[in-house]
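Q: Chains A and B are the protein sequences, given in the same order.
By our numbering, the letter at position 304 of the first sequence is numbered 304, and the numbering carries on one by one without gaps.
By our numbering, the letter at position 13 of the second sequence is numbered 13, and the numbering carries on one by one without gaps.
Heads up, a few of these hints could be off.
[Stated by the list, open to error] SDA-like mimics (lysine to any residue), calculated; alpha carbons at most 25 Å apart, straight line:
(1) A:K147 / A:A98
(2) A:K298 / B:F123
(3) A:K259 / A:K97
(4) A:K187 / B:G15
(5) A:K248 / B:E61
(6) A:K184 / B:A77
(7) A:K285 / A:V71
(8) A:K184 / B:V132
(9) A:K187 / B:V83
(10) A:K243 / B:S122
(11) A:K184 / B:D120
(12) A:K243 / A:T217
(13) A:K184 / B:A13
(14) A:K285 / A:G302
[Said to hold, decoys possible] If you only want the chain B side, here are some residues facing chain A, beta carbon under 8 Å, derived:
(15) T81
(16) A90
(17) V93
Quick caveat, the hints were computed from the structure, so don't treat them as lab data.
Just so we're clear, the structure is a prediction, and the values are computed from it rather than from any experiment.
C-beta: ideal position from N, C-alpha, C; glycine also.
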Amino acid sequence: MKHLTLLAIFWAWGVCSALAQGPGQGSDKLVVASLSTVLSDFARIVGGDRVEVVEILKPGDDPHLFEPGPVDVKTISQSQIVLANGLGFEAYLEKLKAGVGQGPIFLVPGEAVRPLFLDNDHDHHDHDHSHADGVDPHWWHSISNAKIAVREIREALIKVDPAGAPAYQNNAKAYLAALDELEKECKLEVARLPRSHRVLVTSHDALGYFANDYGFTILPVQGISTSDEPSSQKIKDLIGKIKSLGVKAIFAENIENPKVLEELTRETGAKIGGVLYADGLGEGKAATYAEMVRHNVKTIVGALE
Amino acid sequence: MRGNPRLRLALVALGIGLLGVPVWRITQTRELPPVVKTPAVVEDLIQIDLMIESSAPCRVEVMNANSRIFSEEVESAPAKTTVQIPNVGADLVVRATANEPGQRFAVRVRAGHDGSDLVDASFWGDGELAGVLAVSATKEVR
Numbered sequence: 001m002k003h004l005t006l007l008a009i010f011w012a013w014g015v016c017s018a019l020a021q022g023p024g025q026g027s028d029k030l031v032v033a034s035l036s037t038v039l040s041d042f043a044r045i046v047g048g049d050r051v052e053v054v055e056i057l058k059p060g061d062d063p064h065l066f067e068p069g070p071v072d073v074k075t076i077s078q079s080q081i082v083l084a085n086g087l088g089f090e091a092y093l094e095k096l097k098a099g100v101g102q103g104p105i106f107l108v109p110g111e112a113v114r115p116l117f118l119d120n121d122h123d124h125h126d127h128d129h130s131h132a133d134g135v136d137p138h139w140w141h142s143i144s145n146a147k148i149a150v151r152e153i154r155e156a157l158i159k160v161d162p163a164g165a166p167a168y169q170n171n172a173k174a175y176l177a178a179l180d181e182l183e184k185e186c187k188l189e190v191a192r193l194p195r196s197h198r199v200l201v202t203s204h205d206a207l208g209y210f211a212n213d214y215g216f217t218i219l220p221v222q223g224i225s226t227s228d229e230p231s232s233q234k235i236k237d238l239i240g241k242i243k244s245l246g247v248k249a250i251f252a253e254n255i256e257n258p259k260v261l262e263e264l265t266r267e268t269g270a271k272i273g274g275v276l277y278a279d280g281l282g283e284g285k286a287a288t289y290a291e292m293v294r295h296n297v298k299t300i301v302g303a304l305e
Numbered sequence: 001m002r003g004n005p006r007l008r009l010a011l012v013a014l015g016i017g018l019l020g021v022p023v024w025r026i027t028q029t030r031e032l033p034p035v036v037k038t039p040a041v042v043e044d045l046i047q048i049d050l051m052i053e054s055s056a057p058c059r060v061e062v063m064n065a066n067s068r069i070f071s072e073e074v075e076s077a078p079a080k081t082t083v084q085i086p087n088v089g090a091d092l093v094v095r096a097t098a099n100e101p102g103q104r105f106a107v108r109v110r111a112g113h114d115g116s117d118l119v120d121a122s123f124w125g126d127g128e129l130a131g132v133l134a135v136s137a138t139k140e141v142r
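With these hints in hand, go ahead and build the complete structure from the sequences.
A: Here it is as structure tokens:
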């Protein structure tokens, strides 16, 4: 009985201390907190066994509507590196930086890519200058940008943990080669579509970088954020464009209500081409960046062919 | 009913005939004209000349969308062909298999229109290769 009581005390102490501990405490792993499901995947691959990635934003969450709570802020402040997409994607980022203080390094790969700007009609254009207003923040839909992010993560990990440099370099090198192959695979897949069929009608304007790389025209239903509501005039115009271009399919996204898209299919005769992962990774078949890209490309090509 | 029985019979037959014709026409299944599927966008086509060279004997296949537009053995001499593509351009998929398995080889594909070069690209592989040649009618895009 005495032994059982002692065992219960030790068990309770163990549970309490585990709950009180922050991420990475009690291990010598470098802790990376991530506000992006895509960057979580990159950090896990490049960091390997030396890194613990704490997902603040989880697959399937809508990042446009997410704001970190007090528990998240505490977790972030206890990490060594914080990953965020940038380009205005995390509207709360500056506030979060101020709240967290001097502790972790904030790594924002979006600041290292060449941004796409949106005009008033939400068409995409290339520009050389950079600011968050009117910028499409969904940069990861270009594999070239993903490679930039992987290199940025590699350098940040080496800076914080120089002893792990050989491992980070090897992991990044292998993954960059895999991304080269993925890029080639996507080009071959998209080449199956005649250029006149490359029109993407999507729930919101998130695939501009993809469109830019593979010669698609985008007709978004919503604006750049999932919280933007389309006006009835915009829907009417869109129906006209879909009909005149003979668009065969329109696409829904994994994290929102496809009601408007259903209305469009009724009015135009186009079919729902499938669900795309626009704002980050999903669960199951799009749980990694490579799987997400493959899923999106195959869904688009399969529906528009 | 009075009158000549023959006349009555003729009138009844005429009545049945007059009623029967529309009924017969309604019940007949007529063959509908075939549904013509018009493409989403009617495209103008242009002719381009392709010249294909290889560093080693191989079989080369070129696809435009899902149509095969070239499939031949290419040896020391370059192969030439003329194909039609939409005037907005096309992404041609080039695939090749070396006669000798695993051999490092390259295939060079040049596309031209009206005597001017549009695009010139080389693809490398070990035994097999695949790549996309982006052809625009107005400028080099690759």
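Q: Work down the list of hints and note, for each, if the structure agrees.
A: Hint check:
Distance hint between K147 of chain A and A98 of chain A is unfulfilled; the C-alpha atoms sit about 29 Å from each other, more than 25 Å. Of the pairs offered as hints, the one joining K298 of chain A and F123 of chain B holds, with about 24 Å between alpha carbons and a cut-off of 25 Å not exceeded. Using a Cα cut-off of 25 Å, the hinted pair K259 of chain A and K97 of chain A is violated, with the two alpha carbons roughly 37 Å apart. The straight-line distance between the Cα atoms of K187 of chain A and G15 of chain B is roughly 72 Å, outside the 25 Å bound, and the hint therefore fails.
In summary, the hint linking K248 of chain A to E61 of chain B is not supported, as the alpha carbons are separated by about 29 Å, beyond the 25 Å threshold. Taken as a hint, the K184 of chain A and A77 of chain B pair is broken in the structure, with Cα atoms around 28 Å apart against an allowance of 25 Å. Only pairs whose Cα atoms come within 25 Å are accepted, and K285 of chain A paired with V71 of chain A is rejected, the gap being roughly 29 Å. For the hint linking K184 of chain A to V132 of chain B, the alpha-carbon distance of about 8 Å falls within 25 Å, and the restraint holds.
A distance of roughly 21 Å separates the Cα atoms of K187 of chain A and V83 of chain B; the hinted pair therefore holds under the 25 Å criterion. About 40 Å separates the Cα atoms of K243 of chain A and S122 of chain B, which puts this hinted pair outside 25 Å; it is violated. A hinted pair counts as satisfied when its Cα atoms are at most 25 Å apart, and K184 of chain A with D120 of chain B qualifies at roughly 18 Å. This hinted pair checks out: K243 of chain A and T217 of chain A have alpha carbons roughly 15 Å apart, not beyond 25 Å.
Taken as a hint, the K184 of chain A and A13 of chain B pair is broken in the structure, with Cα atoms around 78 Å apart against an allowance of 25 Å. Straight-line distance between C-alpha atoms of K285 of chain A and G302 of chain A comes to about 16 Å, which keeps the hinted pair within the 25 Å bound. Interface hint at T81 of chain B: violated, since its Cβ lies 18 Å from the closest Cβ of chain A, which is beyond the 8 Å cut-off. Among the interface hints, the one on A90 of chain B holds; its C-beta lies about 7 Å from the nearest C-beta in chain A, closer than the 8 Å criterion.
The closest approach between the C-beta of V93 of chain B and any C-beta of chain A is roughly 5 Å, which is under the 8 Å cut-off, so the hint is satisfied.
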